[in-house]
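Chemist: What follows is the residue order along each chain.
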Amino acid sequence: MAKQVQQLDRVIIRFAGDSGDGMQLTGDRFTQETASFGNDLSTLPNFPAEIRAPQGTLPGVSSFQVHLADHDILTPGDAPDVLVAMNPAALKANLGDLRRGATVIVDSHDFTRRNLSKAGYADSPLEDDSLDGYDVHPLELTDMTVEAVKEFGLSRKDASRAKNMFALGLLSWMYGRPTESTIAFLERRFASAPSIRDANVEAFRAGWNFGETTEAFSVQYEIKPAPMAPGTYRNITGNLALAYGLIAGSTQSGLPLFLGSYPITPASDILHELSKHKRFGVTTFQAEDEIAGIGAALGAAFGGALGVTTTSGPGLALKSETIGLAVMTELPLLVVDVQRGGPSTGLPTKTEQADLLQAMFGRNGEAPVPIIAPKSPADCFDAAIEATRIAVTYRTPVMLLSDGYLANGSEPWHIPEVADLPVIDPAFATTPNHESAKGDPEFWPYLRDEQTLARPWARPGTAGLEHRIGGLEKGEGHGNISYDPANHDHMVRTRAEKVARIARDIPPTEVDDPLDEQGRGASVLVLGWGSTYGPIGAAVRQVRSAGHPVAQAHLRHLNPFPDDLGDVLRRYDTVMVPEMNLGQLSMLLRARFLVDVVGYNQVRGLPLRAAELAEAITKEITR
Amino acid sequence: MTATGTSTGTEPLPFPGLREVPGTDTAQTRKDFTSDQEVRWCPGCGDYAVLAAVQGFLPELGLRRENIVFISGIGCSSRFPYYLDTFGMHSIHGRAPAIATGLATSREDLSVWVVTGDGDALSIGGNHLIHALRRNVNMTILLFNNRIYGLTKGQYSPTSEPGKVTKSTPMGSLDNPFNPVSLALGAEATFVARTVDSDRKHLTEVLRAAAAHRGTSLVEIYQNCPIFNDGAFDSVKDNDTRDDAIIPLRHGEPIRFGREGRLGVVRDPATGALRIAEDPADADVLTHDAHAADPSTAFALSRLTDSGVLAHAPVGIFRQVEAATYDDSARDQVHVASQGTGDRREALAGLLSSGDTWTVV
Ligand code: SF4
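Sequences listed follow chains A and B, in order. Every letter in the first sequence is one number past the one before it in our numbering, and letter 134, counting from 1, is 1523. Every letter in the second sequence is one number past the one before it in our numbering, and letter 328, counting from 1, is 487.
Calculated directly from the structure, the hints in this document are not laboratory data. Ideal Cβ placement from N, Cα and C applies to all residues, glycine included. Be a bit skeptical, because a hint or two may be false.
Claimed, not checked - Derived list of chain B stretches under chain A, where covered just means 3 residues or more per stretch with a C-beta under 8 angstroms from a C-beta of chain A:
#1 263-270
#2 452-462
#3 483-493
Said to hold, decoys possible - A few chain A residues facing chain B, derived, Cβ under 8 angstroms:
#4 Pro1443
#5 Arg1623
#6 Tyr1633
#7 Gly1649
#8 Pro1849
#9 His1856
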């Protein structure tokens, strides 16, 4: 049967099933196929904190959303156009997010009385009117899979496990995805278990063939590749990009990378990734706790390594005393916080931006720390290099604030040329920098660079530079313990000034204002930081295409802010700050610039929804 | 005469623990290791004696001064690094072993020392201590045990005897103390020793062996705090009592002590437990084996230490065994993985464009 082919400019697909159904893998494969086809894309994995929550229940539902388009897109999308639900719980947990009229593909095999009741359905939604308004396709995915792979002699249970690949095959057919990479992947992944390998490949093919032959689907969709700048691309998650950025920071500074870390969701993948790359001189130390992780990183930094620690909010709380020590000893150190829902254990696998104030102020005393935040998964690479540059140049701990959405979400990444990456000079001290009263050369560990106020970084092993540092206040210059009131006041102000001066060294705020060319400017500026870049950008586009001018700016440097930020804010009647917290950047902006800002705040553990944000922006403009 | 009589019985040299640390031909004296900072412990504090012993002993190592690093936590003894003209870091409470682990792992060319106290190492930093010991990172930990909190002015510590009356425990402390040596042996530390601040010769011998050991060396130093816990170790110091109080451990020698050697450590044939016997037959006296792979006997010896007021304490090297160190192994992995990496930037370019890529022309 010849199928009709329909053009689409974009589609949002969500795969949902039980934690054990392999939905993350399915979504990931669909994403890779989509990436190699050349669409722009953005993904949102969403999974429970429990490794295997009770089967068939709502808390056990795991999903993976992918947004693909023939043009540049910024978010994984608000409302899916297609839902693949492997069981009743997956249907129930996700139905409310779909757009009206969305396509719903369910594995009807799992819609048994028992499973329905586990999901809280009194009656099967496939048999009443609760799915009216959706384009529902109940398919016997499990049975068709078992039938397709019967020649490989697997038990029914093992055979049915390949149903996710059947579903992937069907969706790959529907959207004309290339299949080679998935087949190659399955062959690699299950190389040691030939019958499982063959069953998965066969299920994938059977799904594709089913799409081609069944009458259930009469239309195949085509989404053309998105125009992209020439170059080589790959799809990348934030955690992977961040790990690569750290390796690049090490290579570009010539400093061996030392990671001290304790496993914590959603940051552990950075530890896993870095531990694979020892050939770059990377040492990974899985410490006994969060405090030892950062302690070891600081010890390595004292020895002249690029010290890094990776964590999430609860771990950052434990590290605060050591960050204070790094502030006091003025040693370079990278502290990566992949933020998750809080407080306390909070929502370990969900995203949030509520550690900004912790990063800014979560230490005793006046302990300023520069803060950098990447805006998208791929941007984690550049942000990590920038954090390295600041840490090494200014001899300071730097906070790098990623989040759960960036960590696991992915997008195409234009792979940079290594020759284009910044070179970072550690400029170790090699000779004494002072003369004693007797005229002998000596080393003063707190004699600062006049421009940056950075102190010299003298590695143990350098003759003549023996010195002692520590958490007690030190005298300016000579660096001996000092309890002198005037010296303490001076040192507190100097540490603050050193961090403030980083602003001299960062680009001005980039404002995208459609009315700038006409010389008048929009009345509303939407200002964000971190991972809200995508939803804010998408919302701003929607508002503009509805005919309302609105300006957008995004902060990568949260401490210090760019020097021109105050002026930028004052140019607008209204500054709107969307955040996945209750107004932390808003608070900093108000305190710093005495400018009121309108917060747009959500803490749902999920990225902001562009459409809702667009509505809120429009309301502000038309108020 | 020293409290422990003869030597610790282990070979002091060469120094495999310091194998990669560059040496110097320039003769050094104690002055080379003395910083220009005024020492600020209370008069009569046992820390002075340990500092003098360390400053006197360091020249013997013949290492380049700039390759020696002392890292401390918080407490009276943790001021130690400021008084030594080497590299040093006075860090935060309890964390020195963690910081030293990072330094020792990333720099094989350094001689790394940790200075800590009973509160620092066993209370707030207990976790880091046991993990450093189990990992066997190449460093020497000097644990100054004065059985009291000095810097915070006299609260009981995790090594204070039960019932200790202090400012924070006016009716007596309630918790059982740690025995630092037992704890270290429980963590399977590869070098565990105990010495006394006032016995310069024994202290130096133990330090020499500790520095020579490749792996984590834990040296508990009984240190008198004349201000808040004076006399805590009198039994092992007083001329009248020390011969009966100190159970001297010398590798390969029978553990016989007391006036005229009338006491000895024997093993109860029925239970296997160790006890102190009066006038034991030579054949019954336990011969100390610091090199035994199994730490059980060393642990049993450590239990001869009184947990309350000190009447008996074994002193010397309890355990000294060879084992792989974390830092050597970690560097080996990096070394093996780095074979054939070639130019790092080229390798980086390869890494960045690995995986499924596509090209837009
Ligand atoms: S309080 Fe005790 S331990 Fe501290 S310096 Fe004074 S005497 Fe020494």
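Chemist: All hints, please: hold or fail.
Modeler: Here is how each hint holds up against the structure:
1. 263-270: Since 6 is at least three, the answer is holds.
2. 452-462: violated (count 0)
3. 483-493: Coverage by chain A holds here, the residue count being 4 at a Cβ distance below 8 angstroms.
4. Pro1443: Interface hint status for A:Pro1443: violated (34 angstroms vs cutoff 8 angstroms).
5. Arg1623: The hint holds - A:Arg1623 has a Cβ within 8 angstroms of chain B, the shortest such distance being about 4 angstroms.
6. Tyr1633: Hint holds; A:Tyr1633 Cβ to chain B Cβ min 6 angstroms, cut 8 angstroms.
7. Gly1649: Constraint on A:Gly1649 satisfied, holds at 6 angstroms.
8. Pro1849: Holds, about 4 angstroms.
9. His1856: With a closest approach of 7 angstroms, the A:His1856 hint holds.
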